Amino acid sequence: MPNNYPAVSLTNAKAYGAQEVIIDTPKHGVELGELNESEILAVLTMYQRRTAALSKIKGLDYVLIFKNNGARAGASIAHAHSQVFATNIIPPDVQEEITAAVNYHAKHRRNAYADIIAKEIKGPRRIYTDKLTAAFCPYASRFHYEAWIFPRRLVDNVTELTATELKSLA
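Residue numbers for the sequence shown follow the UniProt record's numbering, so the first one is 1 and each next one is one higher.
Hints are computed from structural coordinates only; laboratory data are not their basis. Hints should not be assumed to be uniformly reliable.
[As the list claims (entries may be wrong)] Keeping only pairs whose Cα atoms sit at most 16 Å apart, straight-line, the calculated EDC-like set for lysine to aspartate or glutamate is:
1. 167 / 39
2. 67 / 24
3. 27 / 39
[Claimed, not checked] Pair by pair, the computed Cβ-Cβ distance ranges are:
4. 29 / 105: 44 to 54 Å
5. 110 / 31: 33 to 43 Å
6. 57 / 122: 37 to 47 Å
7. 10 / 108: 33 to 43 Å
8. 101 / 37: 27 to 37 Å
9. 38 / 155: 15 to 25 Å
10. 140 / 114: 15 to 25 Å
The structure presented is a predicted model; accordingly, all values stated were derived computationally and were not measured. Every residue, glycine too, gets a C-beta built ideally from N, C-alpha and C.
Can you build the whole structure from these sequences, using the hints too?
Set out below in structure tokens:
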């Protein structure tokens, strides 16, 4: 659904983009972490669908899906939801990460994320692994309780994940 307070719009050349809200569950007072696997899979599938749809719009180069819980985090609705933010600008920190990954590959002839996953799934920061998914606390976390969740098959975009991979992530 459209965001009632969008920071960007497809009709605003100075703040070009799209901003949407995804209702995570019809259950009021329930957060994402309280949903069962099939309910989380439905949320992830919607993330995939909205990313695919927004990526087809001319001029939208970057899609970000995020959650903010509660008024202190900027949420304007109490019901469990996610936001989709698509713009024509790739944020500088994201561009730096892309550049670093490209440089790592040029130097080592390996994927930086594959190397991170291979190391972390054997270490003390591992949270969860299966054949399709790896979850761990990153080295030098920036935030309390920060966790990285990766598909084991490296893809460039959530739209490339299979239904089986999405289920594993759920």
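Against the structure, the hints:
For the hint linking residue 167 to residue 39, the alpha-carbon distance of about 10 Å falls within 16 Å, and the restraint holds. Proximity of residue 67 to residue 24 is assessed by CA-CA distance (about 10 Å); at most 16 Å being required, the pair is judged to hold. At most 16 Å may separate the alpha-carbon atoms for a hinted pair to count; residue 27 and residue 39 meet this at roughly 11 Å. Take residue 29 and residue 105: their Cβ atoms lie about 45 Å apart, and the range 44 to 54 Å holds.
For residue 110 and residue 31, the Cβ-Cβ distance of about 37 Å falls inside the hinted range of 33 to 43 Å, so the restraint holds. As the Cβ distance of residue 57 to residue 122 is approximately 41 Å, the hint placing it in 37 to 47 Å holds. The hint said 33 to 43 Å for the Cβ distance between residue 10 and residue 108, and at roughly 40 Å that hint holds. A beta carbon spacing of about 30 Å between residue 101 and residue 37 agrees with the range 27 to 37 Å that was offered as a hint.
Take residue 38 and residue 155: their Cβ atoms lie about 22 Å apart, and the range 15 to 25 Å holds. Checked against the hint of 15 to 25 Å, the pair residue 140 and residue 114 passes, with Cβ atoms roughly 20 Å apart.
Going through the hint list in order, the structure satisfies each hint without exception.
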